[in-house]
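Peer 1: Please arrange chain B on chain A, whose structure you already have, making use of the hints.
Chains A and B, in that order, are what the protein sequence lines are.
Going by the working numbering, 112 is the number at position 112 of the first sequence; the sequence numbering is gapless.
Going by the working numbering, 357 is the number at position 55 of the second sequence; the sequence numbering is gapless.
FYI, nobody ran anything at the bench for these hints, they're computed from the structure.
Check before you lean on any hint, since a few could be wrong.
[What the hints assert, rightly or not] Chain A side only, calculated, beta carbon under 7 Å to chain B, not exhaustive:
#1 Thr128
#2 Leu186
#3 Lys187
#4 His208
#5 Val218
#6 Tyr220
#7 Pro225
#8 Glu227
#9 Met299
#10 Ile302
[Unchecked claim] Listed below are the simulated PhoX-like cross-link pairs for lysine-lysine, each with C-alpha atoms no more than 25 Å apart in a straight line:
#11 Lys494/B to Lys275/A
#12 Lys489/B to Lys85/A
#13 Lys118/A to Lys165/A
#14 Lys275/A to Lys490/B
#15 Lys387/B to Lys187/A
#16 Lys322/B to Lys187/A
#17 Lys494/B to Lys192/A
#18 Lys85/A to Lys490/B
#19 Lys442/B to Lys489/B
#20 Lys490/B to Lys20/A
#21 Lys489/B to Lys275/A
#22 Lys187/A to Lys577/B
#23 Lys489/B to Lys20/A
#24 Lys259/A to Lys561/B
#25 Lys380/B to Lys322/B
#26 Lys322/B to Lys188/A
#27 Lys118/A to Lys63/A
#28 Lys577/B to Lys325/B
#29 Lys387/B to Lys188/A
#30 Lys188/A to Lys489/B
Virtual Cβ for every residue (Gly too), placed ideally from N, Cα, C.
Number of protein chains: 2
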Amino acid sequence: MSLLTIGTVAFDAIETPFGKTDKIVGGAAPYIALAASYFTNKINLVSVVGDDFPQNFINLLEKHGTNTEGLQIKKGEKSFFWSGKYHDDMNSRDTLATELNVLADFDPVIPKSYQDCKVLMLGNLTPTIQQTVIKRLERKPQLIVMDTMNFWMNIALDELLETLKLVDVLCINDSEARQLSGEYSLKKAANKILAMGPRYLIIKKGEHGALLFGEDQVFYAPALPLEEVFDPTGAGDTFAGGFSGYLAHSEIINFGAMKRAIIYGSALASFCVEKFGTEGIIGLSQEAIEARARQFTEMVTI
Amino acid sequence: MSLLTIGTVAFDAIETPFGKTDKIVGGAAPYIALAASYFTNKINLVSVVGDDFPQNFINLLEKHGTNTEGLQIKKGEKSFFWSGKYHDDMNSRDTLATELNVLADFDPVIPKSYQDCKVLMLGNLTPTIQQTVIKRLERKPQLIVMDTMNFWMNIALDELLETLKLVDVLCINDSEARQLSGEYSLKKAANKILAMGPRYLIIKKGEHGALLFGEDQVFYAPALPLEEVFDPTGAGDTFAGGFSGYLAHSEIINFGAMKRAIIYGSALASFCVEKFGTEGIIGLSQEAIEARARQFTEMVTI
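Chain A with its partners taken away, still in its complex shape:
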């Protein structure tokens, strides 16, 4: 019973009000895999990199329980590169550079050993590739979670809407929920989006927590007020990884299990933003994660 995840594996160069990095490892998939690794040790990764990608990071993923058989390494080509600069409020950012490189003609190959898939986590990528992965699985996974973003709503809405019909959980932020539904009220937005296909909708609100809609219920997970937020990059992917990793290990997958999964996803995301890149979610102890998750539940307890 494994977690299959697809997403970018990339280099990022990040500038925040608190500092600046050279090229460091980024992309959705490393965050998802690392965060999931605290809950399940059967993680299968599908992605593509160039031969400029550091073998020691692949080793690190393997050490964190990730099978990288599905990670294509393209000889003589370069990995996907993204560079961005956060504004002072850390809630918005400018993209300075996007070099697709190997991603331009990425054709996801699912190794035979990946076919026994309980949870499929589709990291943010072109909706067409996300759909291809679903179709290349021989059996429908118990749960398909899809992350996406406004960029695809702008340039590939039809493909996105098609893919949406095939997934169980959609994970987007509040402005994306408003864009996709055309509704300002998040409650109305949720109702419209749930009618587009997914049975559950997670609306991420960054420093304001997250909402889960589904089974005619609403759950509100708070965000922990943190002393330091150094770098929001990957927080959403980390959240998705903690969420899907927790559910891959869960006996029952329903609204109740998803509530707990969201708390753990939020806890992991809170570790992520305290350091640059993936640094904050490497080598965490189970005790530290449990203590952080307790803070999330205690903070809302009357």
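Peer 2: Positioned in the frame of chain A, the structure of chain B alone reads:
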């Protein structure tokens, strides 16, 4: 054991994406008094209006348990008037007109019968007037709650900081907390502001809920995702009224009681924004309020 509140009593003209009003009754004090009336029936109001103010609204306040002996009615003068237009996101607004009128030389008079005061709720006003009210009370109330805004931070910061030393609870929004403290992290901001005088700090985050800091603890109250938000005007005042009204009736005033008070304040505020002006918080049943408060606590329950 009563609640004493001071705040503007005014006319508002409001435009939101959903509609437009002519002059309707507004100002901080009517929202505070109406919201508080669901928890305590001993509300003493200090404010000033012109003789253009409708007697039937004063009667309505009286019917909702508010003593208006301290409401000065200035013959031949006009009431305070504010006009504003909300942007499409409803989180920001432009002020179109502000006519101080009677407020320009307001000198708050505290009737003898108001002196037995358990909770003092200082609605948003010039910090100097807020301070005058504190000094005109013969005995220090058990709890002094102060609402203020960025406007006073910009033009009367010294007076605001002086008043802050005299209060127990400060109630501001997230951008104001950042402005007042010079810190982006709300946790750091809270630590700095608590060092300025108040023992408790409430940070209102509108559609994202509210945070309470104090006694080395943090509490996060969610906001209910609503189908309709027609008019955010007065939501903060309603929250403050529900909060202070609940505490005026509470046997013990501590962090635990404040958590419950914030839930009730949030519940009342959620009714407020569903209609224009004060309409949403007039004539509510106790059952409706309890049911709404239950939604707030159930929404965060694992």
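Peer 1: Each hint needs a verdict: does it hold in this structure or not?
Peer 2: Here is how each hint holds up against the structure:
| no. | hint | verdict |
| --- | --- | --- |
| 1 | Thr128 | violated, 32 Å |
| 2 | Leu186 | holds, 5 Å |
| 3 | Lys187 | holds, 4 Å |
| 4 | His208 | holds, 4 Å |
| 5 | Val218 | holds, 6 Å |
| 6 | Tyr220 | holds, 4 Å |
| 7 | Pro225 | holds, 4 Å |
| 8 | Glu227 | holds, 5 Å |
| 9 | Met299 | holds, 5 Å |
| 10 | Ile302 | holds, 5 Å |
| 11 | Lys494/B to Lys275/A | holds, 23 Å |
| 12 | Lys489/B to Lys85/A | holds, 24 Å |
| 13 | Lys118/A to Lys165/A | holds, 19 Å |
| 14 | Lys275/A to Lys490/B | holds, 17 Å |
| 15 | Lys387/B to Lys187/A | holds, 24 Å |
| 16 | Lys322/B to Lys187/A | holds, 23 Å |
| 17 | Lys494/B to Lys192/A | violated, 43 Å |
| 18 | Lys85/A to Lys490/B | holds, 23 Å |
| 19 | Lys442/B to Lys489/B | violated, 29 Å |
| 20 | Lys490/B to Lys20/A | holds, 22 Å |
| 21 | Lys489/B to Lys275/A | holds, 17 Å |
| 22 | Lys187/A to Lys577/B | holds, 17 Å |
| 23 | Lys489/B to Lys20/A | holds, 23 Å |
| 24 | Lys259/A to Lys561/B | holds, 22 Å |
| 25 | Lys380/B to Lys322/B | holds, 22 Å |
| 26 | Lys322/B to Lys188/A | holds, 22 Å |
| 27 | Lys118/A to Lys63/A | holds, 21 Å |
| 28 | Lys577/B to Lys325/B | holds, 15 Å |
| 29 | Lys387/B to Lys188/A | holds, 23 Å |
| 30 | Lys188/A to Lys489/B | violated, 32 Å |
Checked against the numbered hints above, the structure breaks hints 1, 17, 19 and 30 and satisfies the rest.
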